[in-house]
Amino acid sequence: MRGPERQQQILACAKRVFARRGFHAANISHICAEAGIGRGTLYQYFENKKAVFTAVLRQVLERVHELMEQQRASHPPTPARLRREDVVAYSARRLRRLLDTVFDDDGTLRILLREAVGLDVDVENVLSEIDDTFITIVERDLILWRQASVVRPLDARITATLMVGGIEKLALAALRGNGPVDLDALADQTVRLHILGLLSDNIRD
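All residue numbers for the sequence shown refer to the numbering used here, where the first residue is 1489 and numbers rise by one.
These are calculated hints, taken from the structure and not from any lab test.
One should not assume that every hint holds.
Said to hold, decoys possible - The following label-pair restraints were derived from C-beta to C-beta distances:
1. Leu1650 / Ala1500: 19 to 25 Å
2. Ser1616 / Asp1643: 18 to 24 Å
3. Arg1494 / Met1556: 24 to 30 Å
4. Gln1547 / Arg1569: 35 to 41 Å
5. Arg1664 / Asp1620: 21 to 27 Å
6. Gly1510 / Ala1561: 25 to 31 Å
7. Arg1640 / Thr1566: 14 to 20 Å
8. His1553 / Gln1495: 47 to 53 Å
9. Ile1516 / Leu1681: 27 to 33 Å
10. Ile1516 / Arg1572: 52 to 58 Å
11. Ser1637 / Arg1509: 47 to 53 Å
12. Asp1620 / Asp1670: 22 to 28 Å
Beta carbons: idealized from backbone N, C-alpha and C, even for Gly.
Please construct the entire structure, taking both the sequences and the accompanying hints into account.
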């Protein structure tokens, strides 16, 4: 196996180990056993356990940056032809794709929301960058809707931060309860709350 392929294999195995055991309980031997390699092979690519862990987080950051670039030139559908449910469905699809990019599997979800938080300054810096990029993508979509007069004038940054924070809190609560994290429901309900609001159609101006 060539260098880049071996490195990716080590990171994939390390992610499973960190998700299963947690950062502190996991060690280099566990990662090597999962990857079927010797310690010397791992040390050709990574200095220590924290370097492996940080590299796993940076993979997430790279994916989110790639998505941001892919979506940079995209625009929402024409407002004149939109119904409320069209807006909800389109926004939920966009948010769901973002969730898939950040939390590409259950292991990544556990690492980001449980194992990485508060670990040390270097790890926190990577987490902050992931969070900031996550929020920026949501903010940009809200700005496009605002410019198209689909949503009312609002502070897109604050709203995006509330949306992302709520998603992370709900996902963490599910993980703590060892329950499944339904990303489809999270995307749909987050969009409905922040785009349609809490008031029912029975309340009129």
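So, going through the hints one by one against the coordinates:
no. : hint                          : in the structure
1   : Leu1650 / Ala1500: 19 to 25 Å : violated (33 Å)
2   : Ser1616 / Asp1643: 18 to 24 Å : holds (20 Å)
3   : Arg1494 / Met1556: 24 to 30 Å : holds (29 Å)
4   : Gln1547 / Arg1569: 35 to 41 Å : holds (39 Å)
5   : Arg1664 / Asp1620: 21 to 27 Å : holds (25 Å)
6   : Gly1510 / Ala1561: 25 to 31 Å : violated (40 Å)
7   : Arg1640 / Thr1566: 14 to 20 Å : holds (19 Å)
8   : His1553 / Gln1495: 47 to 53 Å : violated (19 Å)
9   : Ile1516 / Leu1681: 27 to 33 Å : violated (44 Å)
10  : Ile1516 / Arg1572: 52 to 58 Å : holds (53 Å)
11  : Ser1637 / Arg1509: 47 to 53 Å : holds (51 Å)
12  : Asp1620 / Asp1670: 22 to 28 Å : holds (25 Å)
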